[in-house]
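A.B. asks: Could you put together the complete structure from these sequences and hints?
Just so you know, the protein sequences line up as chains A and B, in that order. All residue numbers for the first sequence refer to the working numbering, where the first residue is 19 and numbers rise by one. All residue numbers for the second sequence refer to the working numbering, where the first residue is 19 and numbers rise by one.
Some hints could be false.
One copy or any two copies: either way a pair holds, since identical chains are not told apart in the list.
Computed list of lysine-lysine pairs in PhoX-like fashion (alpha-carbon distance at most 20 Å, straight line) [what the hints assert, rightly or not]:
1. 92 to 109
2. 373 to 204
3. 359 to 98
If you're looking for bench data, these hints aren't it; they were derived computationally from the structure.
Listed below, chain by chain, are the residues.
There are 2 protein chains.
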Amino acid sequence: MPDSGSEVVAKIRDEAQGVYRRIQRKQKPQMKLPVRALSNVRYRPKAGYFQLRGRNKVRTLTVGTVKTFAQTLKMLAMSKELIGTGRHSTKREAYYQAYNWGEAAFGAQDESDTVMDDVEAMLSVNRERLHFRADEHGGEVAGELVVIDRDRRTGRAVEIDCTRFGSGAYSVPTVVEELRFRTKAKFVLAVETKGMFERLVEEDFFDRRHCILVSMGGVPSRACRRFIRRLADSKKLPVYVFTDGDPYGYLNIYRTLKVGSGNAAHLNEFFCVPQARFLGVTPDDIVEYQLPTHPLKEVDKKRATDAMKNDPFIRHYRSWQKAIEKMLDMGVRVEQQALAKHGLEFVANTYLPQKLGNVEAFLP
Amino acid sequence: MPDSGSEVVAKIRDEAQGVYRRIQRKQKPQMKLPVRALSNVRYRPKAGYFQLRGRNKVRTLTVGTVKTFAQTLKMLAMSKELIGTGRHSTKREAYYQAYNWGEAAFGAQDESDTVMDDVEAMLSVNRERLHFRADEHGGEVAGELVVIDRDRRTGRAVEIDCTRFGSGAYSVPTVVEELRFRTKAKFVLAVETKGMFERLVEEDFFDRRHCILVSMGGVPSRACRRFIRRLADSKKLPVYVFTDGDPYGYLNIYRTLKVGSGNAAHLNEFFCVPQARFLGVTPDDIVEYQLPTHPLKEVDKKRATDAMKNDPFIRHYRSWQKAIEKMLDMGVRVEQQALAKHGLEFVANTYLPQKLGNVEAFLP
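C.D. replies: Laid out in structure tokens, this is it:
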């Protein structure tokens with residue numbers, strides 16, 4: 019197994035023993051957590067993601083912190099138990115399981131979520147390896163990939179051939195830590211909408227271009243990002259991203275996939291996909307392919323202008339600044355399905371092949 | 019193939035010939051469409067879904083209707099062409115393809131969506147059979163089911179064994195008209211959240227109870243509803259529904275799945291699941307299983323009170339009225355994951371087996 023959980027259990031044990039030892043020495047027990055805020059983040063192009071600057075806060079046991087302190091320790095214990103049984107708990111199930119913690123029970127789920135985030139940051143381990151998961155969509159996959167999972171009933175490996183789903187797809191589970199992969203594909207193509215994903219499946223695109231199609235369904239969930247990351251890392255595959263040509267596609271989808279987000283900086287290490295490159299739709303494509311457009315909304319303009327000023331990723335890349343400036347100058351956005359103006363098959367027969375012929379021109 | 023499209027093409031041809039004949043007779047061409055509004059709907063318990071009362075509007079070609087009239091005919095032609103090539107077009111792609119219709123091009127996608135709805139209602143054929151599809155999530159499936167789809171490249175049947183996805187699942191495509199099924203399962207269990215779906219997969223529930231699990235992901239999409247309907251019809255399977263115990267679960271999810279919705283009454287015939295029965299979580303379960311609850315919000319109370327007054331489905335069933343009254347009296351809602359208070363395995367080992375031991379007690 020790629021992740022038996024023993025490493026995580028060892029971290030939990032260390033943390034608990036640290037607390038225990040201080041108590042035995044009659045010292046106040048402490049836990050150390052990184053500060054999770056944009057101000058504690060920087061973009062490291064070499065590492066490829068937003069990183070924490072390393073500032074920590076120390077939570078010492080006092081009358082004021084006693085409840086959170088107890089909750090954090092109980093959350094560590096719950097994780098250890100889950101790893102032991104092989105079960106995973108959703109964030110919501112964790113909140114309800116904590117109903118039995120007496121005075122340490124949570125008043126609402128956002129309290130238990132915060133403690134879970136703390137534990138994750140404290141151990142530098144993503145939540146999924148602690149056997150906690152979100153109630154979210156993991157994305158869909160079709161293409162030249164065999165996913166190797168485990169049949170819980172028999173413990174045996176089960177091979178999932180993603181070329182054999184007809185018009186359907188493989189739905190990625192919320193926890194992908196133990197999946198393994200076998201593939202001869204040349205690249206991963208991550209697509210914004212299910213509509214475009216199904217278009218490419220219908221056009222036999224993965225077969226003709228030897229690739230793996232992933233439908234992100236808008237901003238990719240953690241599960242979807244982690245899946246792409248693990249797949250791309252373990253199989254040394256390039257990742258190309260195909261979204262609408264608007265600030266949402268460039269920033270909320272692509273930038274989040276590639277380098278992570280500011281307010282979850284303690285996680286970006288696990289969830290970013292540094293090998294991702296942006297295929298389109300770019301503002302240049304609008305001219306090149308004479309695509310129908312829509313005017314930018316005020317919220318689009320604001321998002322783009324903010325990114326030019328404040329987003330460390332955009333500020334790092336002159337080519338992204340130029341693309342966003344061009345979009346603002348033109349005053350329009352473009353949807354990936356606008357390519358259908360030239361016929362449904364145009365995207366698979368003309369647009370993507372032309373783009374893929376010049377990968378060096380992709381935005382970074 | 020269960021749906022070769024020839025029946026739909028015949029309907030399109032009939033419609034076009036009707037127009038053509040009137041023109042040849044020097045009459046103004048006409049198209050007849052059912053009125054799509056709540057006021058033209060009734061609940062027919064025997065049929066099992068909201069039905070149109072049969073009022074029609076007639077669209078005659080005049081100076082005022084010429085553009086819509088042309089668009090409707092062009093949309094029929096587009097559908098006929100799609101059926102011919104075997105391709106499907108998303109609603110958005112259809113809008114962009116219509117960019118080339120000259121003066122009949124649409125100003126915005128909601129205009130083309132409306133014309134598509136008209137065509138659907140006019141022919142009494144659901145959009146998917148016209149080879150149009152939405153850009154939506156189709157739900158996920160795991161359990162004792164083999165889905166039989168077609169490999170587009172070879173034209174051969176492809177068998178998808180939904181027991182063999184490990185921790186993942188089969189993602190339902192947006193068009194399910196041509197899928198066939200093989201199963202020995204005893205029932206379909208449609209679940210509100212992906213979190214609960216993954217819980218039941220992790221507990222080997224489909225294996226132990228010989229069933230098919232479907233994750234609806236909130237209010238089920240058309241594709242998800244149509245999938246359950248076709249599966250349940252063709253394999254004569256009962257469908258049990260498991261949602262949160264709140265007005266959203268009872269009305270927006272369960273009622274929509276079972277009988278359809280008011281403003282899409284021309285479609286309910288294809289998308290409703292009349293064989294669905296409501297397993298839980300019921301207000302009675304809160305007491306029976308001592309579940310943690312949350313107070314009803316104002317919006318919950320309003321939705322419940324409105325349904326008691328105006329929803330033909332609720333007004334038809336005394337047992338549903340009693341359940342909703344009880345919920346309003348208690349003033350609380352309950353989430354399906356609240357069962358985790360008694361341990362993660364409680365839902366699979368205790369709650370569902372007890373409920374399934376008394377199917378007659380399910381709400382209708």
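A.B. asks: Any of the earlier hints contradicted here, and which numbers?
C.D. replies: none
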